[in-house]
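Asker: So the chains spell out like this:
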Amino acid sequence: DSGVTQTPKHLITATGQRVTLRCSPRSGDLSVYWYQQSLDQGLQFLIQYYNGEERAKGNILERFSAQQFPDLHSELNLSSLELGDSALYFCASSGGKDTSYYGYTFGSGTRLTVV
Amino acid sequence: DAKTTQPTSMDCAEGRAANLPCNHSTISGNEYVYWYRQIHSQGPQYIIHGLKNNETNEMASLIITEDRKSSTLILPHATLRDTAVYYCIVVGGADGLTFGKGTHLIIQP
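Quick mapping for you: the protein sequence lines, in order, are chains A and B. Residue numbering for the first sequence follows the numbering used here, beginning at 1 and increasing consecutively. Residue numbering for the second sequence follows the numbering used here, beginning at 116 and increasing consecutively.
No lab work stands behind these hints: they were computed from the structure. This structure is a prediction, so every number in the text was calculated from the model and none was measured. It cannot be assumed that every hint is accurate.
[Stated by the list, open to error] Some chain A residues close to chain B (C-beta under 8 Å, calculated; not the full set): (1) Y33; (2) L43; (3) F69.
Even glycine gets a Cβ: it sits at the ideal position worked out from N, Cα and C.
Here chain A stands alone, though its shape is the one from the complex (with noise of 0.2 Å):
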């Protein structure tokens, strides 16, 4: 257990839906990040969250959106689903604003499957 928690683990919704994947960071770590995972794009990091402040964005899609909550908990919310969205989407916590000094705990991952 790495103390990231994400839920679900799995998911499976149809083309056009909206979902939301849920991740609680490891106690005492102020920043979250989003990444998708899909069979031919390997690990793509879509957004950073740090204390409720969003600080980086990578490729995230428009349909796609995030937030960090006082709790430090996350959302990401993944709108007008296409079967191309269907991957792994990991969340990863750390313990400051920049990846240097804090690396990075990664949860299990949601597995997302668009039909």
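Given the coordinates of chain A, work out where chain B should sit on it, guided by the hints.
Answerer: Relative to chain A, chain B alone:
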């Protein structure tokens, strides 16, 4: 724009040391070298990181060359459970972790 170069795959016999190389010839003075691994479809797992000096922890050793242009991750006594994709990542300051394709290490019985 990859900052690191790693072999696509490597084999190692169980019980032997696994030595995974990584080239990072454009590394800057304030950038760290991080190693993570991912066992099939699980979340990536932190292994070790370093700036200039060699580092060792309970999982592995990291050897960084004096010019910092390359490094080697050493798993001293590889087991079947070490079969995974190993990622070498260079990161500094506010940069996030950018994963490349990594090295698929296969431990042979």
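Asker: Hint by hint, say whether it matches the structure.
Answerer: Each hint, compared with the structure:
1. Restraint check, Y33(A) versus chain B: the minimum CB separation of about 7 Å is within 8 Å; hint holds.
2. Nearest Cβ of chain B to the Cβ of L43(A): about 4 Å, under the 8 Å cut. The hint holds.
3. With its C-beta approaching chain B no nearer than about 21 Å, F69(A) sits outside the 8 Å limit, and its interface hint is violated.
Consistency note: the structure conflicts with earlier hint 3 alone.
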